[in-house]
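Visitor: Okay, here's what each chain looks like letter by letter:
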Amino acid sequence: MLDSTVAGLSGMLAGFNFLFQHGLPNVIMLLIGGTLLYLGVKKEVEPLLLVPIGFGCVLVNIPLSELGEAGGLLKLLYDMGIANELFPLLIFVGIGAMIDFGPVLENPKILLLGAAGQFGIFLTLLLALALGFAPLEAVSIAVIGACDGPTAIYVASQYAPQLLAPISVAAYSYMALVPIIQPPIMRALTTPKERVIRMGAIKRSVSPRTKLLFPIVVTLVTGLLAPKGLPLMGTIMLGNFMRECGVVARLTKASENEIANVVTLFLGLAIGGTMEGHAFLKPETMAIFGMGFVAICLDTVAGVLFGKLMCWLTGGKINPLIGAAGISAYPMAARVVHNEGQRYDKRNYLLMHAAGANTGGQIGSVVAAAVMLSVLKGMGLI
Amino acid sequence: MDMDKWTFGLTLMIVGMGGTFLTVWVLSLMITLLKKIYPLARDRGEKKNA
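Sequence order for the protein chains is A and B. Reading the first sequence from the start, the letters are residues 341 to 722 in this note's numbering. Reading the second sequence from the start, the letters are residues 5 to 54 in this note's numbering.
What the hints contain is simulated information worked out from the structure, not anything from laboratory work. Only a predicted model underlies this, so the values are computations on that prediction, with no experimental measurement involved. Just so you know, not all the hints are guaranteed correct.
Derived list of chain B stretches under chain A, where covered just means 3 residues or more per stretch with a C-beta under 8 Å from a C-beta of chain A [said to hold, decoys possible]: (1) 15-25; (2) 29-39.
Computed cross-link-like contacts, DSSO-like style, restricted to lysine-lysine with a CA-CA straight-line distance of at most 30 Å [said to hold, decoys possible]: (3) A:Lys657 with B:Lys39; (4) B:Lys39 with A:Lys551; (5) B:Lys39 with A:Lys449; (6) A:Lys568 with A:Lys415; (7) B:Lys9 with A:Lys551; (8) A:Lys686 with A:Lys657; (9) A:Lys717 with A:Lys568; (10) A:Lys449 with B:Lys40.
Sample of chain A residues with no beta-carbon within 12 Å of chain B, all distances over it, derived [as the list claims (entries may be wrong)]: (11) Asn357; (12) Ile372; (13) Leu379; (14) Gly412; (15) Gln498; (16) Cys637; (17) Lys648.
The beta carbon of each residue, even a glycine, is placed where N, CA and C say it ideally should be.
Same shape as in the complex, but just chain B (with noise of 0.2 Å):
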């Protein structure tokens, strides 16, 4: 791909940042959703029951 420096490092930029923001907040989201799946208190239940 053919493109000047600045070009280079202002799209670099842009996407690598949000790219690092967007990946990070979907793991966020994703231990938010674990957590919900597999509260504490069900895994200490299960172990009871165990």
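Same shape as in the complex, but just chain A (with noise of 0.2 Å):
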């Protein structure tokens, strides 16, 4: 009876244990899921995705919970969403629902901005390479300087699902940290007079017709031109079609809020999940969020300095603040670009014009990483 019983509390102890034996790793990353989940509630740095990672990482790092293990929860919605690619598809269906292409319609020569605003993506990957990782890590690392979360899960699912958790973190976290990383680059970058160039109020000559083709345009110029990519292009462009048709309302409305909801939720967890603290507490962690700085900050620096050359090119008709925008945060980069502009001239509406580069930067994301997959499989590395 007494041995029982005791055997019985030693079960309930055996948590405390493996903490106090070999679970400093744990205990590190329960502070992180801690930080995480204070990140999201207390500061509203990505709450969405944030709260979620943060609790799946508090999870998966509690002792013999087993929720990461085959059959526990974290790993089950791993294997059901990220492991086949099919959360993050999911969301650019959502993205694709929100997203109002409008002002890159208006103004198609902005989109360049947004191909400019993924030159961080490669100069990332010759640093990742030159750090000694493998091509296809270096491949996902240099991803989250398409600052796009679902883009890099996508690509870091498929080919470096050991860095996955560092790389979902990095992107999203950079992502969130855009209004602090981009205005000394922009300030750096640019001349005072540059700074205050009005670009005037967009005039509306998008036809409605020209809105419903363009999903698909792009859908078939990139999925001939980057086939790899088409899953990505083709979810987000599906979202935009049917917000764009306008027969499909319940079906808009469910991909931009339950579904994208439900999917953030159990992709956060998922994400969460693979934080255990063995597997993430590794130099490689550091080296992979440092690079993810550098991706961004090279993003921005390419942007501008595009936005630079688009300015010369018109005669100073482009302010090359909007260059900025042409990364993939959705709309925190056009917003910045906005504050940036008004605080040089109170009366500079730099917003729409920023939203049209950061649209443009939506799509050049996608199709950075498409022509990327697709250059690959044409090495014959995929």
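Quick one: dock chain against chain with the hints and give me the complex.
Guide: Here you go:
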């Protein structure tokens, strides 16, 4: 009787025993999970993602819970939607349903800023290779520079699943830090005269039919040029087509609300579930966070410099600041550019132009990932 | 395909960035073309006629 009671009590204390004996990584990860929850709840940094990621991180690091092992809830969610890339693609349907591509359709030239804003991806690729990462790992890390969480998860889950946790946490954290990272770079690269260039009001020139055909054209063009990225572009454009056609309002609303919300919860929990202490706490994780930061800085530099080039080519009609919105962090980057423009001229309304560059960045980031995957396929590496 | 990491990185950078710009440029041309084929005024005119 006494023996079985002691044995029963020892079962209850097994978790504490594990923590005291070899649970330092778990303790550190519990603190990191708590920090993510703090950032999400108190500072409202990407709360929709950081709260489930933080909670998933806490859950998986409670010793002997087995939530992250075969049959456990978090592993089940991972297998259900990340290992097969389903969750990021469903999120993309929702994003497509939410985005109005009107501003970029009004001024298609601005779409090029969305391509320039992806330059950081490719420079970070070289940096990751220099630091000794394997080619496919380097590609997955570089995609953090797309500033596009679902794309980063999509690529990493296929080609570097062992790095998925740090890559996705870095991608979402840096997206939230865009208002802090971008302004100093924008100020350093532009002159006071350039910052006060007014671009005037956008004249409405896009017909509903053009808006309706746009997602189909994008799907066809990118699907033919970079077929490996079609799942990404196809789902975002499906969402947008549903939005613009106007006859499936229920599906559009479900995509941008219920489906996106449920998938965001599952995605966050599953990513948090990959943050198990012994797997997460490695020097590579710090390197990935560092490279993610570099990638977003380089994207901003390339975007602003390309904005300056367009300013020069158009005889000063384009404010180079909008180049910084050529990344995919939508709509945050556009708001940062608008606020920066208003710092120097209260009557300068750059928001719609920046929104054009920002939606261009959304397209550009997916195109860059799609092109990269297709080139890798062409090289026979995937 | 056998190649060292720098050849791989530089190839991916040049072809990748070039391919991204090319794709986006084609898209911007397609948008311009769509706007020419279906200008806003014509859409409004069709609605009026209907």
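Visitor: Regarding the pair Lys717 (chain A) and Lys568 (chain A), is the alpha-carbon distance no greater than 30 Å?
Guide: 8 Å, holds
Visitor: Does Lys9 (chain B) pair with Lys551 (chain A) here, judged by a C-alpha cut-off of 30 Å?
Guide: 42 Å, violated
Visitor: Over 12 Å to the closest beta carbon of chain B is the bar; see if Gln498 (chain A) clears it.
Guide: 16 Å, holds
Visitor: Does Lys40 (chain B) lie within 30 Å of Lys449 (chain A) when you go C-alpha to C-alpha?
Guide: Distance of about 15 Å is within 30 Å: holds.
Visitor: Please verify that the nearest CB of chain B lies beyond 12 Å from Asn357 (chain A)'s CB.
Guide: 45 Å, holds
Visitor: Are the Cα atoms of Lys657 (chain A) and Lys39 (chain B) separated by 30 Å or less?
Guide: 21 Å, holds
Visitor: Taking 8 Å as the C-beta cutoff, is the stated coverage of the stretch 15-25 of chain B by chain A satisfied by three or more residues?
Guide: holds (count 9)
Visitor: Compute the least Cβ-Cβ separation between Lys648 (chain A) and chain B, then decide whether it is above 12 Å.
Guide: 17 Å, holds
Visitor: Compare the distance between the alpha carbons of Lys686 (chain A) and Lys657 (chain A) with 30 Å, and conclude whether the hinted pair is satisfied.
Guide: 18 Å, holds
Visitor: Could you let me know if the closest chain B CB is still more than 12 Å away from the CB of Ile372 (chain A)?
Guide: 31 Å, holds
Visitor: CA of Lys39 (chain B) to CA of Lys449 (chain A), is that 30 Å or under?
Guide: Measuring from Cα to Cα gives roughly 13 Å; hence the hint holds.
Visitor: Could you let me know if the closest chain B CB is still more than 12 Å away from the CB of Leu379 (chain A)?
Guide: 32 Å, holds
Hint 7 from the earlier list is the only one contradicted by this structure; the remaining hints agree with it.
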